[in-house]
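Here are the chains, one letter per residue:
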Amino acid sequence: MTAWDRETWDALAKIRQKRPLIHNITNFVVMNTTANTILAVGASPIMAHAIQEVGEIAAFSGAVLLNIGTLETDWIDAMITAGKSANARGIPVILDPVGVGATRFRSESAGRLMAEVEFAIIRGNAAEIFALAGFHSRIQGVDSLQDSQEIKSKAVEIAAELHSVVAITGAEDLVSDGRNCYGISGGDPIFKQVTGTGCAASAICACFAAVEPLYLKAAAMALAYYKSAGEEAARLSKGPGSFQMQLFDALANTSRASMENSIRIRQL
Amino acid sequence: MTAWDRETWDALAKIRQKRPLIHNITNFVVMNTTANTILAVGASPIMAHAIQEVGEIAAFSGAVLLNIGTLETDWIDAMITAGKSANARGIPVILDPVGVGATRFRSESAGRLMAEVEFAIIRGNAAEIFALAGFHSRIQGVDSLQDSQEIKSKAVEIAAELHSVVAITGAEDLVSDGRNCYGISGGDPIFKQVTGTGCAASAICACFAAVEPLYLKAAAMALAYYKSAGEEAARLSKGPGSFQMQLFDALANTSRASMENSIRIRQL
Amino acid sequence: MTAWDRETWDALAKIRQKRPLIHNITNFVVMNTTANTILAVGASPIMAHAIQEVGEIAAFSGAVLLNIGTLETDWIDAMITAGKSANARGIPVILDPVGVGATRFRSESAGRLMAEVEFAIIRGNAAEIFALAGFHSRIQGVDSLQDSQEIKSKAVEIAAELHSVVAITGAEDLVSDGRNCYGISGGDPIFKQVTGTGCAASAICACFAAVEPLYLKAAAMALAYYKSAGEEAARLSKGPGSFQMQLFDALANTSRASMENSIRIRQL
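Chains as they are written, first to last, in our numbering: chain A, 1483 to 1750; chain B, 1483 to 1750; chain C, 1483 to 1750.
These are calculated hints, taken from the structure and not from any lab test.
It is possible that part of the hints are untrue.
Because identical chains share one entry, a pair is satisfied inside a single copy or across any pair of copies.
[What the hints assert, rightly or not] Taking lysine-lysine pairs in the DSSO-like style, the calculated list, with each CA pair at most 27 Å apart, reads:
(1) LYS1674 to LYS1500
(2) LYS1500 to LYS1720
(3) LYS1674 to LYS1496
(4) LYS1720 to LYS1496
(5) LYS1720 to LYS1674
(6) LYS1566 to LYS1500
(7) LYS1720 to LYS1634
(8) LYS1634 to LYS1566
(9) LYS1566 to LYS1720
(10) LYS1674 to LYS1634
(11) LYS1496 to LYS1634
(12) LYS1674 to LYS1566
This structure is a prediction, so every number in the text was calculated from the model and none was measured.
Here chain A stands alone, though its shape is the one from the complex (with noise of 0.2 Å):
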């Protein structure tokens, strides 16, 4: 067993046993396969939107997560009323800026966020964080991803401009906090044939988070654990149907002995 299979399963272990509460407030399209997700891996979900609700919420959960896609003004505002009741009790909040960038009025929603709110960890493919740190990327629906050097040697730029751990999920993931960067390998292809799972992604990220105070670690561990269950999903499926399902066995069955050797971190 690796030090980073330790690690990953020691904090998946505290997820398991503490089962924080994560607090979503995320798009239609994922809602129930965000809560299964979350379920699978440990923890509590709890899905709240309300601006009546969603401060007091925040405020008793173990993690944060504001995801923008299917967005409506109504949504933003409950969306800082969260984070910041959060913020003010240090409590982790993850972003998913979905399809930042494809429209004037998500770019806009974006800025707002990130001007009132502090994030913990920044989950998007390469086109979304590009748009959130203003490399003015277009992109293509949500799926899309430039993986690249260039992607690479950019990871921790945008990370200290952005003041954030920021993972960049592809083929490869890449998260950085702005000094240090860890690349994640791993997972397959098929994840793209089925809707939300980077939604997911960023679901476990904030999972991690509400147990792993240093969150370029919280969120290396997701992820890599995330690619882990994703390789014996896909290698138990037939297409992206059976494979959504194979997903939260995974995530659910995961056990120490299954998370030898299958956790890729390597420092980049």
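Start from chain A and add chains B and C according to the hints.
Showing chains B and C alone in chain A's frame:
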């Protein structure tokens, strides 16, 4: 075949033959799985929440289900309109007070519903039902459970206080109409690893209430059938993903033969 | 391989190669399964309904799908904006008039859409299409079906009246552009036991319309491919839960070989 087996089978057969329309105003997380649960049972789901149409829809439904997860103020207004429309016609209204007690907004919203609508069945976990009854419970997320002798002894009292059949679900479900009380055993711990399984229990109560005017009996049979199908699904599954899939199959495939000796209802 | 097999395969291959963006403004119940359906076919889904961004998104889409289940007034406004944006650019717009005829609100909302937007394809069950055409049908829920010789003879008339290709799905699907009419046979009764399978049919029509400008042909091929995949899924499933899973796999796994002799389109 016990008397409960036979009566539960007769009610299920009636649902499948009449296919009552179940009008749901429910939360975003479970809309899809609730609709699929109702279809698997054999009834016909409709999800509609616009205040312009909910009165009409409730009026031609066999039962109305109101669920306050992912709550918004407009939705409570629609729930009251739908509930009153159903009440005026003697159509049973079922309440699932998701997360009541967790925030002031949910408690006040549930209070508005209780004041304006008469419920045939109220189904929740112990923390939710206690909160609704004013026992000032504090809940952790929406899946917590406090199963104790004290709960059992209070079920009758709460049902009398709330003027409704009350169903408290957990390891053993309890249903009471304020005078009688039944316990329903069975099920499987994996239910708690899948989101919306509590909401689905409420939906199945609605299906049975649409064909069985004794709501205490309807709730007991609905929950016993659900636990029985859940046991079959658990036997065939390897984790929460496959359990969810198998649960739909098991609900749909329940036959007179498979129901034999699987309905575990006892008078307390 | 028949001519229809070959043409349908060519269109599917084109979808998988070009991965057109399908912009969905659809109901809460089916957002997840619709996105997964579109991914399984091989296109790229985006779900967005905010009036601030739908015009932009529609403008860079390959097709726009408007679905009026779980309707709200704001959403109709967004649908009109998206529809007009697509119309102005010659991008096909598909309508799924879920539940039209069931309430005054749905009928009026559908009427607004019909008045403001030009549709390439309108897909619904017989009750919905009849209601839309002003035949004053009454529907029970959204899954009812009235399959008769009378329906067949009226399909052409309705399409002419609605100035759109009309697809009436049921045991045998009918598609007409107001002059020609095709019947598509196959499928499986289990489709009706899973929520959103009608909505998915509309989504597949949108995928095909994005690559095939003859919308009558696009709709016929889309529905025949869907029925064919559904037959394969039904063979491998044991109930509605496993059918849903197998259906995603079958849509994704359809190959030139598996399509051979499975496309059953006939001119009526």
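Honestly, which of those hints from before does the structure not fit?
Structure breaks hints 7, 8, 9, 11 and 12.
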